[in-house]
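Position chain B against the provided structure of chain A, taking the given hints into account.
Protein chains: 2
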Amino acid sequence: METSGFYNDNYSSGSSDDDLVDLSANAQDLLEDLSYDEQDHSQAEASLFSPGGRGQNGTAKLLDLLDDGLHRVGTYDDFNTIDWVREKSKDRDRHREINNKKRQSVLDLLLSLSDAFSGWLLMLLIGLMSGALAGGIDIAAHWLTDLKEGVCLNGFWFNHEHCCWNSKETTFQERDKCPNWKSWAELTVGVNEGASAYVVNYLLYVTWALLFAYLAVVLVRAFAPYACGSGIPEIKTILSGFIIRGYLGKWTLVIKTITLVLAVSSGLSLGKEGPLVHVACCCGNIFCHLFTKYRKNEAKRREVLSAASAVGVSVAFGAPIGGVLFSLEEVSYYFPLKTLWRSFFAALVAAFTLRSINPFGNSQLVLFYVEFHTPWHLMELFPFVLLGIFGGLWGAFFIRANMAWCRRRKNTRLGHYPVLEVVLVTLATALLAFPNDFTRMSGSHLISELFNDCSLLDSSQLCDYTSQVKGGAINNNLSHGANYSSSLYDRAAGPGVYTAIWQLALALLFKTLITVVTFGMKVPSGLFIPSMAVGAIAGRLLGIGMEQLAFYHHDWPIFKGCSSSTKCITPGLYAMLGAAACLGGVTRMTVSLVVIMFELTGGLEYIVPLMAATMTSKWVADALGREGIYEAHIRLNGYPFLEPKDEFEHKTLAMDVMRPRRSDPSLSVLTQSGMSVEQVEAVIADTSYSGFPVVVSQESPRLVGFVLRRDLVISIDSARLCQEGIVGASQVLFTEPTLTQPHGGPPSLNLRSIMDLSPLAITDQTPMDITVDIFRKLGLRQCLVTQNGRLLGIITKKDILKHMAQMTNRDPESILFN
Amino acid sequence: METSGFYNDNYSSGSSDDDLVDLSANAQDLLEDLSYDEQDHSQAEASLFSPGGRGQNGTAKLLDLLDDGLHRVGTYDDFNTIDWVREKSKDRDRHREINNKKRQSVLDLLLSLSDAFSGWLLMLLIGLMSGALAGGIDIAAHWLTDLKEGVCLNGFWFNHEHCCWNSKETTFQERDKCPNWKSWAELTVGVNEGASAYVVNYLLYVTWALLFAYLAVVLVRAFAPYACGSGIPEIKTILSGFIIRGYLGKWTLVIKTITLVLAVSSGLSLGKEGPLVHVACCCGNIFCHLFTKYRKNEAKRREVLSAASAVGVSVAFGAPIGGVLFSLEEVSYYFPLKTLWRSFFAALVAAFTLRSINPFGNSQLVLFYVEFHTPWHLMELFPFVLLGIFGGLWGAFFIRANMAWCRRRKNTRLGHYPVLEVVLVTLATALLAFPNDFTRMSGSHLISELFNDCSLLDSSQLCDYTSQVKGGAINNNLSHGANYSSSLYDRAAGPGVYTAIWQLALALLFKTLITVVTFGMKVPSGLFIPSMAVGAIAGRLLGIGMEQLAFYHHDWPIFKGCSSSTKCITPGLYAMLGAAACLGGVTRMTVSLVVIMFELTGGLEYIVPLMAATMTSKWVADALGREGIYEAHIRLNGYPFLEPKDEFEHKTLAMDVMRPRRSDPSLSVLTQSGMSVEQVEAVIADTSYSGFPVVVSQESPRLVGFVLRRDLVISIDSARLCQEGIVGASQVLFTEPTLTQPHGGPPSLNLRSIMDLSPLAITDQTPMDITVDIFRKLGLRQCLVTQNGRLLGIITKKDILKHMAQMTNRDPESILFN
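So the sequence lines, in the order shown, correspond to chains A and B. Residue numbers are given in the UniProt record's numbering: position 515 of the first sequence equals residue 515, and the series is strictly consecutive. Residue numbers are given in the UniProt record's numbering: position 624 of the second sequence equals residue 624, and the series is strictly consecutive.
The following block holds chain A by itself, in its conformation from the complex (with noise of 0.2 Å):
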């Protein structure tokens, strides 16, 4: 029998559920029947034994609860951390079981190979519904950002584009202001220009802004308060052997897509990507529950949901390497190999599910699809470099300015009022997004377009130079510029470029400081859009400073390379590397962020100047401060989270760390022999530990084995009510049932079966670091310490996370507590 159960991590500390089931108080009812199959097992259980229960059911039944109770010793309660050693060996077993069994019989193979593959079809499965999800929510959401401006006559269901491409008699340049296509200034006081058409196109635009953040929040408050935020931190903790039952569930799946469009079409400053990582590990999740593997092994399961982030990634950007190397670098905790190898064929499906949707319509795969034309010159490094700087220096300013609002909102009575809080930040979101051109449009429009090389066809405010308004063609310039080397592809910025560069920095000021306060609010809200967008505009407001620095000073030595008849300075580029180093300062990431812009822009050729900028802002925002923007939101929440990355930097041993600590009283065990059913239950009743380690006696307390509290309460009420003659004073024995019965006295209780036979132990002198690695590696909830062979204490995952933090000068009460 398997002998991994369940156990509190908190091995001192009984009380921390009460705080941790507060933050999810108004969820987990509505939620825990409808996320996990086993749901109304640990519900009965938990009934069963705890005082206040739901009401005593009879004997009969409780029987039946009992057997099943013995059943399903492999499962966690919830806000509970999984063994990781356990759980896989579970698996190595079932399939060992699978494997012998496979020559017996035709069935038995099929068995045997339907099993062998269900791990890819659940992949296709994955990719398919994420494509599909992120199809939609795109289609959606680009539908309702529109109708914040107007309304299309032909059907309202259809965005402006889509109208206007249905309506073919326009031109190329006019369709626009297709006659299908009607502003809400039209439709009620029937023109589109003067200050009472603004004014009505601007109230309206207010409104709807509000009812979609308004809906949204009302929404997840309603029915799952866990759809909120991006997920990512919550993702990443889960993906450590950490349980938050429902957060990824069937409700918060509906619930979340829903209101992600509602906070998309808002207006306000979020992006979709984090959350579309939470909806494909919600669709991994749900459709665990389809095969017994997966559905039973809290193991195998963050396997798959590994590769469901990868999905969620892939559908964002369109970047299924990216999306496989955004899972491994910054999701994921175990990533063996064959994950490795099924996240690519899951991301690689979902990209070309949401590729046949197109919803994009521009038939690429990826969402910002850019071609450069023009090579880099070696002395754009340093402005490159500069962007790196930037996106470093606005990447900690961001984190910090983000964690201070946060921990306001938790500790002030902001927090409380949630729905006003949205609403109020829609409001001026709405209020101040609409009269700049560059912040009324959505993030990922903005972004494109200044990610875009001017053409001659682009009529973009971006893209008025001197030369091709006088001249309508490009080769104009050569006559243009006559005064100047006719060699210079480079041109003169028009008035239209000088507005926009005055729009442009006041949209990167707006949108830094209200995707401060956005970040974090009850909707769904990723980050990867607005500080792609505040990176975007840098880059592009540097990339024209360099282009017209080029133009007017060509004969400067550093322009060199320049004098030749290709355009010297692509701002678009700049805009580029802007986004991959504010999206790098926030995140942190590296590979996975330059694999993802490789990927958007197809060349190898830009994979430098990218390296360069990634770096560059990597390096200053590790030198402001280690955390990234999802690291923070772990620690501000308490989640136990034993990050990867760190090194455990302090000379203390596993002695200073274990409980019993020198003053407290020591360690509650069992005895493999000589206690009583009377004992251990009063041992049970004293204490609140979650398991207790068997030694051989009292006076020699060496180590053979550890229980855990809820298999001995089960399998001691079970034995009393089952096996004859077991009463108060029935001995429990934890040894080899082979020992004869002693003489007299009633029959003794042999508990060896519930024991876990292969507890790891470390010595007293152990360096903490390597207890960090052993944990970390091994993924472990808690390791006993002997000395000499004697066992002394225990160490858990939470006693580790506390001494880190005390270690770094933070309060380590902090842990698990909400």
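It should be emphasised that the hints constitute simulated quantities derived from the structure, not laboratory data. Watch out, some of these pointers could steer you wrong.
The list treats identical chains as interchangeable, and a pair is accepted whether it falls inside one copy or across any two copies.
Unchecked claim - Cross-link-like lysine-lysine pairs, in silico, DSSO-like; alpha carbons within 30 Å at most:
id, residue 1, residue 2
1, LYS101, LYS296
2, LYS651, LYS777
3, LYS101, LYS250
4, LYS338, LYS101
5, LYS90, LYS777
6, LYS651, LYS102
7, LYS101, LYS651
8, LYS102, LYS338
9, LYS102, LYS645
10, LYS296, LYS777
11, LYS338, LYS250
12, LYS410, LYS645
13, LYS645, LYS90
14, LYS777, LYS338
15, LYS90, LYS651
16, LYS90, LYS560
17, LYS338, LYS645
18, LYS645, LYS101
19, LYS296, LYS651
Values in this document were obtained by computation on a predicted structure and should not be read as measured data.
Showing chain B alone in chain A's frame:
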């Protein structure tokens, strides 16, 4: 003081070293002094304590050496396994020290900064050096390959292309026949046509090939036996923590670089990709000596080597991302995220260094630059999967055949004549290869020819399509194909293509057979190019077949998608997929293979066909045999490599694997007090174990710590010489030094400082799958086994490998023996 030291893996067998030394007998003396700085010390120490040492030194020198020896306990002997936990702990200590110091003075701050950036500097150096070497190898191999056919009159150092590039007299089409390039027949008999010229060319081709191959094998034999083979199996073993001194030394680098050029030029069926990984790793290892951080720490050094192997693939194919993933997926054992980022940097630097050398002459980063312009059709997935099946079957066949041949070489007299073997195989290769155009050209040339999509200018036999020959322009096929669908773009094959089909079929057979006997010979030999060549031939054949089918039967329903005006089938794409499938079948690479191929084509367009082909290939090959070629060679050579991909599938317990076995005498232990110096020396003399557990007492064998034989010997000898009053009867203590000295008797010797206070212990009931997991994840060398707190035995990595061999019905004695 650091207590980690070195000792043999083979706890119960002390004889393996003799066998291993045999392998490297010729090289050891020559290389040891060159490759490792510590060499002189460890040799001195060895001679000190071995009875048959190279002569006794004076006491003064002895003392010096002993002092020195005490400082050098952190190093390892040759053919031993490192202890990852200790090495990493050591590095953390070092890092902590530097970090604590950095606020003391500006100098210390600078030191800390230089320490932080030394890793990046190292990566830069490795990238530059490997890129330069790869460029040099490419250029030299290109020149020597052409030298087999003729010589340039402008200067013998020009290769064919270079020679004709310089002479601007010829047109593009005739560049192949430029006047300055003379074939050997033209130079000697004056003509290049007719039988006599053919015979002369043939003869000189064979002669040059023999000369190159002979030189290569003689150089390898004489100077660096480690330079033979691909090197990837050994690098995998080294990265997993094994020490093979000199394998990555300076001499190996020099000889491997030279002989690689010779071997490739000789026309043998081998590639330069695997050896380039070895070359890059040599660079990495040599540059490690510049930085204390990496020189003194085997774990840190392995991080660098992981990055270096990424560099190797990066320069081999011009695929930096693929290289990093190759290192992650195929080669590395311990690959932290920091290494991922640094590998990526180094791979990029190397790729751009190589590009600036531009050895392929096409300004492209990649080895096989291909650009396909036609989309693939869904029905083509069927032939793609067929290619996958072929690749899998071929891979499985190749591994079996090559293993059988290598085993024969190892076990029969064949292995005693490596030079003769190389000469004979070269003779056979050259004789058979010359008459066939496709085998005469070099492997990489053949592959790029096969990948190539026929364009207008192609004069290759493979592009001899009817319509082209008659009209000279592609549009002519519209008129030619009047009786076929005029919109069909596929073309009827001309006589050239039909000839090529036969030649390719023969080449396929020839390459398959000759590669089986070539891979494993005593010359540097990579497997990537030959297997890709075989796959590309098969793929091209299938592609041409499909193309002709589509041309003649375009009305078949499966070709419905083709009836547009675009080309339907791209034979070059088939060749690429075939190459990927065969490479995948042989090496079992997955993601990295797809990404390398993706980087060659630079478009996500063909990822789905690539995945279909490689996935099928891997499944088929795995069904026929679990091991890839590298794992098979590791097993053949008996390297102690704990495969991280395989799951341990058996239900044994730690007690079944540990030593001593039930029938053996009990474990040799030391007690923490009560043993005299003489008694300890007797234990050392009686056993050959490399370490001894320290227990409380013989009666109560509770684990206190673990002490290494080598440390023990050094410390006792040093104490006898330097410490007053230490005689044979002195007590050896491992207890806390605060204990009061017992009255009377000689002073005691406290050796607690050399004891490892934190040995990892597991219980005897621990399932072996968990034990294997712990060994793998923590990188342990040995682990102690306890039962109820009493020490029972020990498990070493070698015990595990032997046990695994036994479980799969292989000879357990094959491990570690050559």
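Quiz item: What hints, given by number in increasing order, does this structure fail?
Solution: Violated: hints 3 and 16.
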